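Visitor: Take a look at the letters that make up each chain.
2 protein chains.
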Amino acid sequence: MSFKQRAITGLTFVGVMIGLTLAHPLACAILFFLVAALCIYEFSGLILVQDGSSTTNLSRRILAMTVGLYLPLIALIQSLISVSPTSLVIYGVPITLFLFSSLFLFELFGKSAQPFPNIGFSFLGMFYIGLPLSLVIGLSTSIPQGNFLVLSILFMIWAGDTGAYMLGSQIGKNKMFPRISPGKTWEGTMGGVASAIIVAVLCSLVFKDIPLQLWQWMILGAICAVFGILGDLVESMLKRSLGIKDSGNILPGHGGFLDRFDSFIFVIPFIAIALFFFTMLR
Amino acid sequence: MSFKQRAITGLTFVGVMIGLTLAHPLACAILFFLVAALCIYEFSGLILVQDGSSTTNLSRRILAMTVGLYLPLIALIQSLISVSPTSLVIYGVPITLFLFSSLFLFELFGKSAQPFPNIGFSFLGMFYIGLPLSLVIGLSTSIPQGNFLVLSILFMIWAGDTGAYMLGSQIGKNKMFPRISPGKTWEGTMGGVASAIIVAVLCSLVFKDIPLQLWQWMILGAICAVFGILGDLVESMLKRSLGIKDSGNILPGHGGFLDRFDSFIFVIPFIAIALFFFTMLR
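In order, the protein sequences belong to chains B and S.
All residue numbers for the first sequence refer to the working numbering, where the first residue is 68 and numbers rise by one.
All residue numbers for the second sequence refer to the working numbering, where the first residue is 68 and numbers rise by one.
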């Protein structure tokens with residue numbers, strides 16, 4: 068893989084992400100549903116390998132994809148046709164209960180060597196990947212200029228990541244997690260937080276219609292930097308736990324797809340918690 | 068353990084269950100919260116053993132108990148003080164997101180050998196044990212004579228179990244699941260369904276204030292028998308997967324506590340699905 072090919076893949080990826088997120092809240096929602104689908108596809112492959120099953124085991128793959136994409140699918144349907152909360156409960160609760168129980172019944176008839184770890188990993192995929200991406204879809208379509216907020220989160224995470232790398236490689240000395248990720252230092256983390264907060268301030272100036280105050284933007288920036296690093300560590304832990312290096316090879320030369328979104332999916336729940344608090348203060 | 072001791076333990080257990088369930092919807096709700104606590108306590112012990120941790124590892128045990136009891140606790144609080152749906156969302160969503168994310172962060176700092184299976188098993192306990200028992204608490208306090216319906220479900224499951232054993236041991240020939248439970252036969256299952264439906268009809272005559280029609284009672288009876296057997300098989304699969312015989316020894320001479328409720332916890336989601344459908348028909 069030449070540098071040129073890597074650069075083309077990377078720029079195309081970033082261009083598509085920014086373009087669709089900016090285009091329209093619904094385009095943003097559909098984009099992140101596709102991101103969820105690709106992440107879950109990779110993750111379900113990891114589960115199948117872990118179980119010793121073939122990745123061409125179609126029924127297992129379909130079940131894993133269904134469970135993982137369940138929450139993003141509900142969020143997408145909700146943003147497309149605005150189901151009433153009552154209908155969401157009346158139809159959502161029984162379908163959810165059936166889906167959960169079917170995980171257990173599938174393993175009863177599925178003759179796997181490791182039935183319970185399989186069920187556990189399915190729930191894990193649902194909440195590690197599906198839940199955050201369903202929140203992104205909801206965020207994008209439920210608040211004013213929500214898609215611009217999603218883009219800002221991506222920018223703040225990229226800024227945090229870049230800032231941490233640049234400062235860490237220059238003056239980094241005190242290691243954070245030598246066990247999981249030997250490259251991370253406390254100095255780099257400080258640089259990442261500073262960069263993300265600077266980008267947060269810039270975003271607050273550009274996206275004036277997003278109902279957030281400056282100090283709230285700065286908190287979101289700090290969250291993106293800190294939990295972005297932790298999200299990266301959590302995914303390293305996942306891969307180390309499963310004995311693999313890359314989550315997949317969908318983007319040529321750029322590692323797995325899940326590797327590109329490990330910080331993002333981990334940051335989103337904390338962004339959502341912060342937004343809930345900001346709403347309470349109003 | 069003498070027969071007399073076993074009989075005393077068994078009768079006390081059944082007496083307490085029936086007495087508290089009959090006494091009052093809130094007594095029933097509190098009883099099943101305690102059942103959830105004991106089941107989750109046993110289950111968290113199984114996770115700790117599986118991980119190679121000591122069962123006296125307090126921080127892990129507290130986290131596993133918190134996650135497992137989270138849904139029953141919400142159901143109990145809801146039945147005691149009737150929180151408004153809006154407050155439930157405003158407070159429940161951020162707390163849930165924080166709880167889920169903290170599972171990942173705990174493993175990052177917890178230095179376990181198997182971080183991801185641990186998180187998966189925590190989610191598994193939440194939905195395998197916590198979710199059904201939170202539904203029981205909700206059922207008991209949210210519909211007229213809900214606690215009598217909970218008692219009826221227990222009676223129908225016991226009838227199904229006893230009927231399956233009696234007919235199966237007399238005329239049982241065709242094995243259902245020789246791999247997981249060599250004793251189960253199709254003939255026994257038929258006997259269990261018939262017994263549970265007979266008890267369902269009796270319950271419909273005794274608990275006239277429960278808003279269900281006769282055919283609906285009969286469907287609930289069939290669900291109790293069929294999914295009761297499957298629930299027993301699912302828990303056998305869990306224990307086989309973890310390489311253990313009994314889930315614990317809280318009830319002397321009667322195996323584990325979870326072993327006593329394996330059918331019940333598996334039946335409840337299907338009862339809830341059926342009740343949702345019955346409500347739609349009205």
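Just so you know, these hints were derived from the structure itself, not from any lab.
Any given hint could turn out to be false.
Each pair may be met inside one copy or between any two copies, as identical chains are not told apart.
What the hints assert, rightly or not - With a straight-line Cα cutoff of 27 Å, these simulated BS3-like cross-link-like pairs (lysine-lysine) come out:
| id | residue 1 | residue 2 |
| --- | --- | --- |
| 1 | Lys275 | Lys306 |
| 2 | Lys275 | Lys242 |
| 3 | Lys275 | Lys312 |
| 4 | Lys275 | Lys178 |
| 5 | Lys178 | Lys306 |
| 6 | Lys71 | Lys312 |
| 7 | Lys242 | Lys312 |
| 8 | Lys242 | Lys71 |
Source: prediction; values computed, not measured.
Visitor: None of the hints should be skipped; say for each whether it holds.
Guide: Hint check:
1. When the C-alpha separation of Lys275 and Lys306 is checked against a cutoff of 27 Å, the pair qualifies neither within a copy, at 40 Å, nor between copies, at 57 Å.
2. For the identical chains of this complex, Lys275 and Lys242 are neighbours neither inside a copy (38 Å) nor across copies (69 Å), given an alpha-carbon limit of 27 Å.
3. In the homo-oligomer, the alpha carbons of Lys275 and Lys312 never lie at most 27 Å apart, since the shortest distance is 41 Å inside one protomer and 62 Å across protomers.
4. Taking the closest pair of Cα atoms, Lys275 and Lys178 never come within 27 Å of each other, the shortest separation being 56 Å inside a single copy and 44 Å across copies.
5. In this assembly of identical chains, the alpha carbons of Lys178 and Lys306 lie at most 27 Å apart whether taken from the same copy (26 Å) or from different copies (15 Å).
6. In this assembly of identical chains, the alpha carbons of Lys71 and Lys312 lie at most 27 Å apart only when taken from the same copy (23 Å versus 59 Å across copies).
7. Taking the closest pair of Cα atoms, Lys242 and Lys312 come within 27 Å of each other only inside a single copy of the chain (21 Å); across copies the shortest separation is 45 Å, beyond that limit.
8. Taking the shortest alpha-carbon separations for Lys242 and Lys71, neither the intra-copy value of 33 Å nor the inter-copy value of 63 Å comes in at or below 27 Å.
Against the hints set out earlier in the document, violations occur for numbers 1, 2, 3, 4 and 8.
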